[in-house]
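Based on these hints, arrange chain B on the given structure of chain A.
Sequence order for the protein chains is A and B.
Heads up, this note's numbering is the position in the first sequence plus 860, with the first residue counted as 1.
Heads up, this note's numbering is the position in the second sequence plus 226, with the first residue counted as 1.
To be clear, the hints were calculated from the coordinates, so they are not data collected in a lab.
The structure displayed is predicted, hence computed values, not measured ones.
We put the CB at the ideal spot given by N, CA and C, even for glycine.
Where hints are given, some of them may not hold.
Unchecked claim - Covered stretches of chain B, as calculated for chain A (at least 3 residues, CB under 8 Å):
hint	segment
1	361-374
2	463-469
3	525-537
4	550-560
5	602-614
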Amino acid sequence: MRIQWRWCVPILFGIGVLASCGGNDVATPQASAGQVAPRTGTAQVSFYAASRFAEQASFGATPALVAELQAKGFDKWIDAQFALPPYQIDSTPARLNGNPIPPEPYQVQKRETQKLIMTAPDQLRARLAWSIGQFIVVSGTKPHPVGLIEWINMLHRQAFGTYGDLLTQVSIHPTMGQYLDNNQNRPKSAECPRCAPNENYARELMQLFSIGVYQLGADGTPLRNSRGGYVETYTQTDVEQLARVLTGWQNQNDPFKPNDGFSQYYKPMIPSTWPPDRDAGEKRVLGRVFAAGQSAEKDLQDAVALLTSHPNVAPFVALRLIQHHVKSNPTPAYVGRVAAVFRNNGSGVVGDMKALIKAVLLDPEARAGDDPAKARADDGMVREPALHRSAIFRALGCQRAPTNSTNGDYWLSAQPHWWAESVFSFYAPTDRAPGSNLLAPEQKLLVASEFTERLGQLNWIRYNQATKSNDLSAYTNAGCSLDALVKAFSTSPRAFNDYLGTAFFRGAMPPTLRANIEQLMLSPSWDVNSPDDGALRLLQFALATPYFGVIQ
Amino acid sequence: MITRRRLLGSGGLLSAAGLAAGAGLLGSWATRGEAAASDYRALVVLFLQGGNDGHNTLIPTDGAFSDYTLARGNLALAKSSLAALPGSAAGHTFALHPGLAPLAPLYQQGRLAWVANVGPLVEPATAAQVLASAVDVPPFLLSHSDQVAIQQGWTVKDDTSGWAGRALELLPSTLRNPISAVTMSTQRTLVLGRHSRVSFMPRDGARYWGAADLAQPQSANSQSINRMAQWQFANDYQAEYARTFGAAVADSTLFTQALMQAAAPAADFGSGDLADNLRALASVLPVFKAQGIKRQVFLVSWGGFDTHASQLGSATNSQDTQLAAVGKATAAFDQAMQAGGLGDNVVTLMMSDFGRTLRPGSGGGSEHAWGNHWFALGGPVAGGTVHGSFPTLTLGGPDDGDQNKNGRMVPTIATDQVGATLMQWLGLPANLVTEVFPNLVNFNQKTIPLLRA
Chain A
861 MRIQWRWCVP
871 ILFGIGVLAS
881 CGGNDVATPQ
891 ASAGQVAPRT
901 GTAQVSFYAA
911 SRFAEQASFG
921 ATPALVAELQ
931 AKGFDKWIDA
941 QFALPPYQID
951 STPARLNGNP
961 IPPEPYQVQK
971 RETQKLIMTA
981 PDQLRARLAW
991 SIGQFIVVSG
1001 TKPHPVGLIE
1011 WINMLHRQAF
1021 GTYGDLLTQV
1031 SIHPTMGQYL
1041 DNNQNRPKSA
1051 ECPRCAPNEN
1061 YARELMQLFS
1071 IGVYQLGADG
1081 TPLRNSRGGY
1091 VETYTQTDVE
1101 QLARVLTGWQ
1111 NQNDPFKPND
1121 GFSQYYKPMI
1131 PSTWPPDRDA
1141 GEKRVLGRVF
1151 AAGQSAEKDL
1161 QDAVALLTSH
1171 PNVAPFVALR
1181 LIQHHVKSNP
1191 TPAYVGRVAA
1201 VFRNNGSGVV
1211 GDMKALIKAV
1221 LLDPEARAGD
1231 DPAKARADDG
1241 MVREPALHRS
1251 AIFRALGCQR
1261 APTNSTNGDY
1271 WLSAQPHWWA
1281 ESVFSFYAPT
1291 DRAPGSNLLA
1301 PEQKLLVASE
1311 FTERLGQLNW
1321 IRYNQATKSN
1331 DLSAYTNAGC
1341 SLDALVKAFS
1351 TSPRAFNDYL
1361 GTAFFRGAMP
1371 PTLRANIEQL
1381 MLSPSWDVNS
1391 PDDGALRLLQ
1401 FALATPYFGV
1411 IQ
Chain B
227 MITRRRLLGS
237 GGLLSAAGLA
247 AGAGLLGSWA
257 TRGEAAASDY
267 RALVVLFLQG
277 GNDGHNTLIP
287 TDGAFSDYTL
297 ARGNLALAKS
307 SLAALPGSAA
317 GHTFALHPGL
327 APLAPLYQQG
337 RLAWVANVGP
347 LVEPATAAQV
357 LASAVDVPPF
367 LLSHSDQVAI
377 QQGWTVKDDT
387 SGWAGRALEL
397 LPSTLRNPIS
407 AVTMSTQRTL
417 VLGRHSRVSF
427 MPRDGARYWG
437 AADLAQPQSA
447 NSQSINRMAQ
457 WQFANDYQAE
467 YARTFGAAVA
477 DSTLFTQALM
487 QAAAPAADFG
497 SGDLADNLRA
507 LASVLPVFKA
517 QGIKRQVFLV
527 SWGGFDTHAS
537 QLGSATNSQD
547 TQLAAVGKAT
557 AAFDQAMQAG
567 GLGDNVVTLM
577 MSDFGRTLRP
587 GSGGGSEHAW
597 GNHWFALGGP
607 VAGGTVHGSF
617 PTLTLGGPDD
627 GDQNKNGRMV
637 PTIATDQVGA
647 TLMQWLGLPA
657 NLVTEVFPNL
667 VNFNQKTIPL
677 LRA
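Pulled out of the complex, with its shape left as it was, chain A reads as follows:
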């Protein structure tokens, strides 16, 4: 039955001012007219600042996370995050094979990565691994899901190490070995006259994972030649030589589990012991000599040392981490400060990821917006689809992604997690918005189908495939709690706006949005089938607006 959903005594004084419905409000409205609540009690930081920080450092704010940030302050919270063990996904349930690969392993991978996003205690590590995984890309389009899971596990283990160790583990990870073919990189030899170095991994190791194609100044500003053009970082000969350096790696098979077809995914690659698999001659990359006769391990170690000491790597990594966590278009000074920490963490260590993420998140330019009055117009970044959904589901307390698909998959069409179309990821650091030319990489994913998902998906999930009717079972099955949302909706427009403000807008509900929500709820044509229909419909409207569409 279709019912008209109405509230008590709606009195509208122009736009945005509403008399309260006496007695029905949810408790203690947060600074709901757009102003920021002051710090209270023993809090180190304001509710607004803590919520904002959570958006930069985790997969989304939850009441518990915001409270922890307010209590500890940012610096101590980060240190506490460093101390947590890395979240690891158990790939055992995905170890099923077949031709084609059966659906279960894919479902395990999708389900478990969503569960990680929602529940991993080491959120900073998980979010950093997600950032790294967006420029050091392995995509589920090629390897078995076990390989993808183990790749994600490796990124989690390495996220707080050094960048050099990360590049080493990336280079010998069997899933990367498969994804970019380095496990098939063999030199021409008398035994294999048709072999020739496979350049795929060597090229992307330099281009995408460490130094990029053109030379950068210490603050990330591109160097220019006399005609104003870019100065290339390396030549094709360097690529070919580095491919030779990286020959000879193979998957490790577990001798104690000869029938386990998946050990190639959870053990690092090892050098082949068959000499023709490896080019042991002298190589020269970027002017550095790799002496003839070096082992595969020594060659790799030297290659990583070469790349992590290259002038480009510090600003290259700094820019990417800033873009993924704080803002799309940082000042050169901000990039320069973070790059300096990459070159030296203060104790002489190069590429210390702990120091690096701290420098990214605690930089004055990152924190200026904690006071909305000091926010700059060019602050922030478009909230990418993955972070848009994760923020919503975490705020609703979900333990995994709610879905109504019969196989339990959650699939984000514009940015399927860990399933980029290619090694070039979902967008490039240099992507600009058409028309305005604003540097806004994530804008590339704001296509019509993404907007229609933002405006529809939360309600579509109510459709129960078994009963062919709408209910909240997908949410409750995923551990989400919509009680507060629906209760606030049922109480009054003001209560609903107050709830939205606290849960999704850092306690500062934008006045325009507040007025529009009120107007929608009070308009004569507004009718909904049930409180949860109405609550979710308005929630997705609010979260599809530019206010939530940008992490500012």
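Relative to the frame of chain A, chain B by itself:
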């Protein structure tokens, strides 16, 4: 209101059309369309992502076939498996990869031509000059992301626009219309202008925006969506989000109404993403033509052709499998265009990141290279021939620009020459060609005879 200004500025025709007035917008086009329905031209660029291996796409079957088998080794296709093309061209007889067999009859009918050894160039170059570093060559050769952008017209500046997008901005005002620069994926460089937005057309449209049905643009729910796009923001990214949102609503309103009038073509496109996209495109182009839209460029990016390994065989991501999908879907697309009365209005151009090395690599694949072979399809194409000069298929041969003799061919036709040919067909004035293709100042011949006079 940016979108409205864009529409007004680009078309100069939509006097009172606001964001919400999708129906009115379409109406004005339909009215104009009756007067000039015949003047419709569309370019469809099929971009094979990853670097399609041209050496196994267009194969010489005369004496050069022995060069081919010698250089390619385990990558060489058996001659008996190939789809022969009639006659000879560029000094050779040719055949196609077996997956492209559905294109052979179109070549015979003169609707399909090949462009041999094309790629980005700064100035005319020979392999000897490249080896001697005696010519200027494009930067970042062999890098996927950069070459995709450069093939599509990036001039290696902060301006990230592409050649079709720039050219569309310079068409005479009588040839400008909304939804002229369209992509069917998030890839967009080709159709990106200097100051215009790009239209994204999902193949099944984007009709329902929450409670809003864009087929009812005047409904309260559609209006509430439109209003959101007009909120004002001080923050650059929120303002951009609002602009992107508003433009997407406006475009989706037009696409929704066009798709509602579209009829599914009878041709068999096969299955999969490429087939589905080309089928949707084939169904909607006749509607655009009937609406009086005049010029459109569509970018259809598809595939994973970066075959460093496992290039041959029946795996889903082998070149063999993917070219079979290309052959079937593009032949069906042309069939549908002819059936829909657009046989002489549409040109399809196949291109890719770059060619691949003539020599195979370990793992049964090939490496990144430079020059490559493309095809153009449609009534306006001077078909049944191979344009340009075909490279000598020997490692270290006269066309090999690689110091290590891996068979990386130096292009003999510039991407820009092909682009300029097609954009002039769409109406780009000849005196503005170098504005769109700056490197063509270095070429005496700005276009090639790819299209019928």
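To see whether the hints hold, each was checked on the structure:
{"no.": "1", "hint": "361-374", "in the structure": "holds (count 8)"}
{"no.": "2", "hint": "463-469", "in the structure": "holds (count 7)"}
{"no.": "3", "hint": "525-537", "in the structure": "holds (count 4)"}
{"no.": "4", "hint": "550-560", "in the structure": "violated (count 0)"}
{"no.": "5", "hint": "602-614", "in the structure": "violated (count 0)"}
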